[in-house]
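Participant: Single-letter residue listing:
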Amino acid sequence: DTGVSQDPRHKITKRGQNVTFRCDPISEHNRLYWYRQTLGQGPEFLTYFQNEAQLEKSRLLSDRFSAERPKGSFSTLEIQRTEQGDSAMYLCASSLVAHTIYFGEGSWLTVV
Amino acid sequence: DQQVKQNSPSLSVQEGRISILNCDYTNSMFDYFLWYKKYPAEGPTFLISISSIKDKNEDGRFTVFLNKSAKHLSLHIVPSQPGDSAVYFCAASEPQGGSEKLVFGKGTKLTVNP
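In order, the protein sequences belong to chains A and B.
End of the first sequence = 115 in this note's numbering, gap-free, step of one.
End of the second sequence = 160 in this note's numbering, gap-free, step of one.
Hints listed in this document are in silico derivations from the structure and should not be mistaken for laboratory results.
Just so you know, these numbers come straight off a predicted model, no measurement behind them.
Treat the hints with care, as some may be off.
[What the hints assert, rightly or not] No farther apart than 27 Å at their CA atoms in a straight line, the calculated lysine-lysine pairs in the BS3-like style are these:
1. B:Lys147 <-> B:Lys51
2. B:Lys147 <-> B:Lys117
3. B:Lys147 <-> B:Lys100
4. B:Lys155 <-> B:Lys114
5. B:Lys152 <-> A:Lys60
6. A:Lys60 <-> B:Lys51
7. B:Lys51 <-> B:Lys117
8. B:Lys152 <-> A:Lys14
9. A:Lys60 <-> A:Lys14
10. B:Lys102 <-> B:Lys152
11. B:Lys51 <-> B:Lys100
12. A:Lys74 <-> B:Lys147
13. A:Lys60 <-> B:Lys147
14. B:Lys102 <-> B:Lys114
15. B:Lys117 <-> B:Lys152
[What the hints assert, rightly or not] Interface residues of chain A toward chain B, partial, derived using beta-carbon atoms under 10 Å:
16. Gln9
17. Gln40
18. Phe68
19. Gly88
20. Cys95
21. Leu99
[What the hints assert, rightly or not] Below, a sample of chain A positions facing chain B; criterion: calculated Cβ distance under 10 Å:
22. Tyr36
23. Tyr51
24. Tyr105
25. Gly107
The beta carbon of each residue, even a glycine, is placed where N, CA and C say it ideally should be.
My request is simple: use the sequences and hints to build the entire structure.
Facilitator: Following this line, the structure appears as structure tokens:
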């Protein structure tokens, strides 16, 4: 499978714990994106990397959220001190050209 | 303020008939539009896109129409098949503004009945 890979697919955590999601983009895609989707809503943009540089961040990305792409390949999204409102599907996407992006299957986060 | 609106939460059609999904936008700076399909518990899958310099783009059973003056686009699926049953998201971007962000609507759930 050469699509965008996300891990873990499901995560249940207690409020206040930290969680980390990993994304492996399609090989050779230099652009990588994180989105969040809650029930009944469309995906909402969180952040964008071109290679290892984080070029764009949404105001949705509070101080508790941090994303990295250290070598321009895989990326991690960490949420510190999780809150119940963080419960959502976290989607990673990648692309070679701007604006047509290909999503992974998502990582479900449930904060209890 | 929602910049991309899909006003129909759901649509039901018979197999073999046409499905028409609609999308409106408010930001006149949007000039690239996409449709994604999403099955439950999966990520969205890219379907088709259109640039604002065109008013129509076709790919197999899927056609997207863009009416810039009305700030409206639609996705036509002909003929509809049961496997098309999914949630369809309209998305827009503003390439000239330098942002790589896609803005999505809330989606329309399409059910194609055999």
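Participant: Now tell me, hint by hint, if it's right for this structure.
Facilitator: Hint-by-hint comparison with the structure:
For the given pair, Lys147 of chain B sits about 16 Å from Lys51 of chain B by alpha-carbon distance, which is consistent with the 27 Å threshold. Proposed proximity of Lys147 of chain B and Lys117 of chain B is supported: the alpha carbons are some 19 Å apart, at most 27 Å. Note on Lys147 of chain B and Lys100 of chain B: the hinted pairing holds, with a Cα-Cα distance of about 21 Å set against a maximum of 27 Å. Under the criterion of a C-alpha separation no larger than 27 Å, the hint pairing Lys155 of chain B with Lys114 of chain B is consistent with the structure, at around 25 Å.
About 21 Å separates the Cα atoms of Lys152 of chain B and Lys60 of chain A, which keeps this hinted pair within 27 Å; it holds. As the CA atoms of Lys60 of chain A and Lys51 of chain B are separated by approximately 23 Å, the hinted pair is consistent with the 27 Å bound. For a cut-off of 27 Å, the pair hint linking Lys51 of chain B to Lys117 of chain B stands: about 11 Å separates their Cα positions. About 24 Å separates the Cα atoms of Lys152 of chain B and Lys14 of chain A, which keeps this hinted pair within 27 Å; it holds.
Straight-line distance between C-alpha atoms of Lys60 of chain A and Lys14 of chain A comes to about 24 Å, which keeps the hinted pair within the 27 Å bound. Taken as a hint, the Lys102 of chain B and Lys152 of chain B pair is honoured in the structure, with Cα atoms around 23 Å apart against an allowance of 27 Å. Restraint check for Lys51 of chain B and Lys100 of chain B: the C-alpha separation of about 21 Å stays at or below 27 Å, so the hint holds. For the hint pairing Lys74 of chain A with Lys147 of chain B, the CA-to-CA distance comes to about 22 Å; that is within 27 Å, so the pair holds.
A distance of roughly 9 Å separates the Cα atoms of Lys60 of chain A and Lys147 of chain B; the hinted pair therefore holds under the 27 Å criterion. Under the criterion of a C-alpha separation no larger than 27 Å, the hint pairing Lys102 of chain B with Lys114 of chain B is consistent with the structure, at around 11 Å. About 17 Å separates the Cα atoms of Lys117 of chain B and Lys152 of chain B, which keeps this hinted pair within 27 Å; it holds. At about 8 Å, the closest approach between the beta carbon of Gln9 of chain A and any beta carbon in chain B falls short of 10 Å, and the interface hint on this residue holds.
A hinted interface residue such as Gln40 of chain A counts as satisfied when its beta carbon comes closer than 10 Å to some beta carbon of chain B; here the least separation is about 8 Å, so the hint holds. For Phe68 of chain A, the suggested interface contact is broken, since its CB lies about 16 Å from the closest CB of chain B, more than 10 Å. At about 18 Å, the closest approach between the beta carbon of Gly88 of chain A and any beta carbon in chain B exceeds 10 Å, and the interface hint on this residue is violated. The restraint placing Cys95 of chain A at the interface with chain B holds, with a minimum CB-CB distance near 8 Å, inside the 10 Å limit.
The interface hint given for Leu99 of chain A is violated, since its Cβ lies 13 Å from the closest Cβ of chain B, which is over the 10 Å cut-off. The interface hint given for Tyr36 of chain A is met, as the beta carbon of that residue sits about 7 Å from the closest beta carbon of chain B, less than 10 Å. Among the interface hints, the one on Tyr51 of chain A holds; its C-beta lies about 5 Å from the nearest C-beta in chain B, closer than the 10 Å criterion. Checking Tyr105 of chain A against chain B: minimum C-beta separation of about 6 Å stays under 10 Å; hint holds.
A hinted interface residue such as Gly107 of chain A counts as satisfied when its beta carbon comes closer than 10 Å to some beta carbon of chain B; here the least separation is about 5 Å, so the hint holds.
Checked against the numbered hints above, the structure breaks hints 18, 19 and 21 and satisfies the rest.
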